[in-house]
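Novice: Given next are the chains, with one letter for each unit.
Number of protein chains: 4
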Amino acid sequence: MDLKTQYKKVRKHSLTICQPLQTEDYVVQPVVDVSPPKWHLGHTTWFFETFILKPNFKGYKEFNPNYNYVFNSYYETVGARVIRTDRGNLSRPTVADVYQYRAYVDQAMENFLHEEPSVAVKEILILGLNHEQQHQELLWYDIKYILGHNPLFPAYADENIEQNLHSSPQNWIKIAAGVYEIGHKGTDFCFDNELGLHKVYLNDFEISSALVTNADYLEFIKENAYHEFKHWYAEAWDWVKVNAIKAPLYWYEVDGVWMRYDLSGLKPIKLNDPVSHISFYEAAAFASWKGMRLPTEFEWEIAATQFNWGQLWEWTESAYLPYPGFSKAPGAIGEYNGKFMVNQKVLRGASIATSPNHQRITYRNFFHPNLRWHYNGIRLAK
Amino acid sequence: MDLKTQYKKVRKHSLTICQPLQTEDYVVQPVVDVSPPKWHLGHTTWFFETFILKPNFKGYKEFNPNYNYVFNSYYETVGARVIRTDRGNLSRPTVADVYQYRAYVDQAMENFLHEEPSVAVKEILILGLNHEQQHQELLWYDIKYILGHNPLFPAYADENIEQNLHSSPQNWIKIAAGVYEIGHKGTDFCFDNELGLHKVYLNDFEISSALVTNADYLEFIKENAYHEFKHWYAEAWDWVKVNAIKAPLYWYEVDGVWMRYDLSGLKPIKLNDPVSHISFYEAAAFASWKGMRLPTEFEWEIAATQFNWGQLWEWTESAYLPYPGFSKAPGAIGEYNGKFMVNQKVLRGASIATSPNHQRITYRNFFHPNLRWHYNGIRLAK
Amino acid sequence: MDLKTQYKKVRKHSLTICQPLQTEDYVVQPVVDVSPPKWHLGHTTWFFETFILKPNFKGYKEFNPNYNYVFNSYYETVGARVIRTDRGNLSRPTVADVYQYRAYVDQAMENFLHEEPSVAVKEILILGLNHEQQHQELLWYDIKYILGHNPLFPAYADENIEQNLHSSPQNWIKIAAGVYEIGHKGTDFCFDNELGLHKVYLNDFEISSALVTNADYLEFIKENAYHEFKHWYAEAWDWVKVNAIKAPLYWYEVDGVWMRYDLSGLKPIKLNDPVSHISFYEAAAFASWKGMRLPTEFEWEIAATQFNWGQLWEWTESAYLPYPGFSKAPGAIGEYNGKFMVNQKVLRGASIATSPNHQRITYRNFFHPNLRWHYNGIRLAK
Amino acid sequence: MDLKTQYKKVRKHSLTICQPLQTEDYVVQPVVDVSPPKWHLGHTTWFFETFILKPNFKGYKEFNPNYNYVFNSYYETVGARVIRTDRGNLSRPTVADVYQYRAYVDQAMENFLHEEPSVAVKEILILGLNHEQQHQELLWYDIKYILGHNPLFPAYADENIEQNLHSSPQNWIKIAAGVYEIGHKGTDFCFDNELGLHKVYLNDFEISSALVTNADYLEFIKENAYHEFKHWYAEAWDWVKVNAIKAPLYWYEVDGVWMRYDLSGLKPIKLNDPVSHISFYEAAAFASWKGMRLPTEFEWEIAATQFNWGQLWEWTESAYLPYPGFSKAPGAIGEYNGKFMVNQKVLRGASIATSPNHQRITYRNFFHPNLRWHYNGIRLAK
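Protein chains in written order, with the numbering used here: chain A, 3 to 384; chain B, 3 to 384; chain C, 3 to 384; chain D, 3 to 384.
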């Protein structure tokens, strides 16, 4: 697919995700980690305007200079910005304004792409498309959070991505000790945090072919493991107590029955589906309760050719750290990944909300260990 | 005017205020004190549904039982409710839903009012209308806050209530010491906190015929009074420091020029207009800097026949306390005023945003001393 | 008594209060409102050094210039200071250092008082003695808090001021409506907030001759009034919930029996003693539960000649506001009272911890409505 | 050395460290991470009483049952405890009480050790001694913090451990890529987190023979690196801004000259000493500014035979994670290390405050990346 077609396809998909929303759903930010959908739509557009059109397209006229302030996310290098907690306080630009902004920038991009861009620009363009696809995944998380925390529990749509969740047969895959190679090979696109092909030594280990199910997790709840200190990290224990956690996110006990909000509304729990929306703390406690552990990201990468993955991001034991030889790109683009490499945990695989072209065995996703609004799950190792 | 006509007129006015808004403007809650406009529209409707239709109108079918949870404000007696800080996190019910809710309840009220209601119901109905008019005033405050804190500074409308601000000639009105009578007389509607006609003894005092102007206040700023401890209460000083206060709300210094957001956009300060959007702390500090003081609410009530009032609520020195003989009504309605009678300051008069029929010389408005998003001002006494 | 003798007597009394303490008891600050006893001993000494010796005693050599920073309390005018929350973080100066500091300043004061000071200095000296006596009362509060919140519940001493608590016969005193005079008369010492003799008009009222007892209050607890919203101010209700309040400070339910920490240790509740260590919120809720109210400070001042007072500070309904004509003294001394005249409640009378010469019918004590570590109680009015 | 002698020696050393303190210095807790010295003395004693004497010494009478509540640190399994932030709020038990407690338990231990204990008890005893030695190191940190944050900057003693800081010649040590072995070998004591001897693959790397000096770090400050975003992790940047960090802990700029508090008082900076008291964030930013990086804990362990270490704990890039095969011991002892294995960074080596018998090449120390009150430093790798 040529770049222009690719660009159009990716850009259109963001709107397809938002299509069932009401105007009001685009606006709110119920917790700091959730951004208003209109912000995602604006921010991804701002990325192309700021890093491609403004520096490279002669005669390009900025849509609105104030939007730089509104839609910058965290690029310290690019100037002041609305602080993250304030995103949900802005009624303007309206949703219609943001759609216009997208149309304006898309038209300019189309014009710009009449001529083949330089290699350097192409690289940023491809980064921009991958960036937008990452925000498409965040759109799913954030839309689910916005609707699933509304006291009316409105459905997103009856047909939706969560219908792709399913169970797999469980067995143990054995991997022999030895030196293995980790990291991205080849010339296809990948993020900078996957580069630095390098060797690691792994011990013998076994890893499950299947994800932990809701039925498994229900047992963990029923056997009172949320109240048994020994399975929890010290800070996990504090988190459980302070937030009165007793089940995954989106689980609600209604008259003694466990219900779960999914994108089609509040429904009884599907026992055979893989458990989702749990924090690293819960994933690790569950593993401890089972007498097992989570895999490291290296074990996962080596074993993943032998099992199915891609329903849910899988928590690993590994902290998010640079690979040997990692270095940040200069300028704003260099802020992409490196600056987050402390106090986060790596997740591997992909989820039902992930763009197909992000489904790479070397992809390193990362979240703080207390977060759970993304589509994630548990694969056990021992 | 008969009750039905009155009802229709009041209800319609709420929508007139909101008419220039975009859908998104109805949704956000940039600080805890500001409620989303759609919440005001729903809450005032809920009041009639809960206190009139449900208990008194046979066969009335509740619009949506969940709305009780969403639109209850603070009536502890009436059940659980969305906590105040979460009002801006709700994308549903949508604005269209709320307009439908209003239409549904208004239709039921019209049917209900075909027959003359009992005296008790009539009383609650009149309270409900006054309640809605109070929320109309809050709508003005909240809409101004939402637009005036947006980085794009959108105008509400070129024609708007702030154009009614104006200056008055300044002179000193003298009142002689003696016993005076305070509180509401007669049978017209008033709030319970105005009842309890009683005597107070006042000393000789003088009170200004005019409100303090922006020009006066600018001098206070320029003479550095925000940094001079001696004019401030101890907790006011903390407030100034913690919040880095250096001017009234909505004042912005742009390239050395003081601008002010009003409902028609960001404009240079109008020097002769009365200063507004200041906290009690600032009002008291200004008075101290002038070597004067604020009047008490009793002084104000006695002197007010001799000057014009009604542009801005006027901060008084008085704490908001019950009048002799005050007692709360039983049940939820009793929560209306009494439970706030601690740690708030009385404001007297009315503002450009106040319903004409609330403009009573005995009306007791009250806010915490640090708040300033309402239309308020300073009248000096000595 | 001459000034020198008076000075010695007052100064000695501070040490007498502290005499049963262990060194460690002088150091800690378990909550922000409680200051370490050694801080009180240093701060009261600093007052004499700063406001008398340094400006007036030629050749006086400051004990240690850093102590200004350590022992200034809140006088913004006098320079930087250790922030209040840090007082308990300082191990130095040691207790022995502070005793030396006292001895040094006392010696200098004795020398200074060889000659009759000027009228202006005498005024400050008397203020300084009254200031120290106020801190003596705070010493009692703070020592009780430090020991009474220690898990070992150590006694202060078997013989102590709390043994002076006792019951009084209850009857209703009637006062007729009329204009009365309020405020300090005569030339004896009083604080600036008592000045401004002025008239007030009072309605007919009745006031109890006795304080509410522990037995009365126990009934309030047993009848579940801590969980009945209607008796509480809105902010009181939040306070009760957030802090899980269910009894006065120092009450502990041990195996179903209500115990109370007093200065001789943890003891069963004495039912006939007046209830103490309750917040204004609790006092007002108790009055509401009884169908009565608290007196205003003016009612109290007029009626107080007809009942016994002085066991406990009595919460009034009145907010702490300036009397007509009140103005702050210039300079640091002017910070004494005026800057606190917002968001506090007046208490009248005196307590078992109050210096006898502070027991004036016009004395205006004040605390925030949520505080309760001082010796206070409830007198009802209706 | 036999166990009894060893016990006596270790126990005595804790008192030696505290010997120069004033009683007051034992009591305070200026920040949550710093415990009052008397708490350390009590807690280490409680360890022996709880895990050795009570379960194993027939007829042993607990010194004071309330001390379990006071001196438990974090062992969730062993019951309720004074919350960590409250340690500095307790004036009792007094310092003299704690010394008596130590003497009482030491006497009992001596009696108990007349007979050779079982292997299991011996293991706990050795753990207890290592535990006390870890608290001895914490005593140094906490004493320095208490004195070094006092506005009087009192010296601990003129002769003290910081005099052992010194510079080393700088060169680059090269290590070839390959599979290496990590973890504790042999039968000597080590902590459970060092166990699990395992292989890792390392790439070629170079590591410095010397620690970064104060002179080096001063250049980093002078070149404004604290204000250059690109060197900092995102959360590090927030930390720098929120806490207004501009130099290592204990550095004070006095009239344009950089001073540093060490245990002998406030002194000009010694340029050739290794820089200390910096957070992981600062260490990583410094390395980035130099165009280098911090070593991983595995690189450190392999290279450490070739350079001198032991002045300061050295921050590594590695997150604190379990080694392959790690499992927690059952019961309270199992809480020792494992529960902290999330969101902390590993430090390797030892410091001037470390017991000589803790100076193991495999020792894994760990702290949160924002902490800096321990003796730490920077060794660069590339």
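Please note that a few of the clues may not be correct.
No distinction is drawn between identical chains; accordingly, a pair holds when it is met within one copy or between any pair of copies.
Only pairs whose alpha carbons sit at most 25 Å apart, straight line, appear in this in silico DSS-like list of lysine-lysine [what the hints assert, rightly or not]:
no. : residue 1 : residue 2
1   : Lys292    : Lys330
2   : Lys187    : Lys232
3   : Lys224    : Lys124
4   : Lys384    : Lys201
5   : Lys248    : Lys232
6   : Lys248    : Lys269
7   : Lys176    : Lys60
8   : Lys384    : Lys187
9   : Lys272    : Lys243
Source of the hints: derived by calculation from the structure; they are not laboratory data.
Novice: If a hint holds in the structure, say so; if it doesn't, say that too.
Specialist: Hint check:
no.	hint	verdict
1	Lys292 with Lys330	between (39 Å within a copy, 14 Å between copies)
2	Lys187 with Lys232	neither (41 Å within a copy, 28 Å between copies)
3	Lys224 with Lys124	neither (53 Å within a copy, 39 Å between copies)
4	Lys384 with Lys201	both (22 Å within a copy, 17 Å between copies)
5	Lys248 with Lys232	within (16 Å within a copy, 33 Å between copies)
6	Lys248 with Lys269	within (18 Å within a copy, 40 Å between copies)
7	Lys176 with Lys60	neither (58 Å within a copy, 50 Å between copies)
8	Lys384 with Lys187	between (28 Å within a copy, 23 Å between copies)
9	Lys272 with Lys243	neither (27 Å within a copy, 38 Å between copies)
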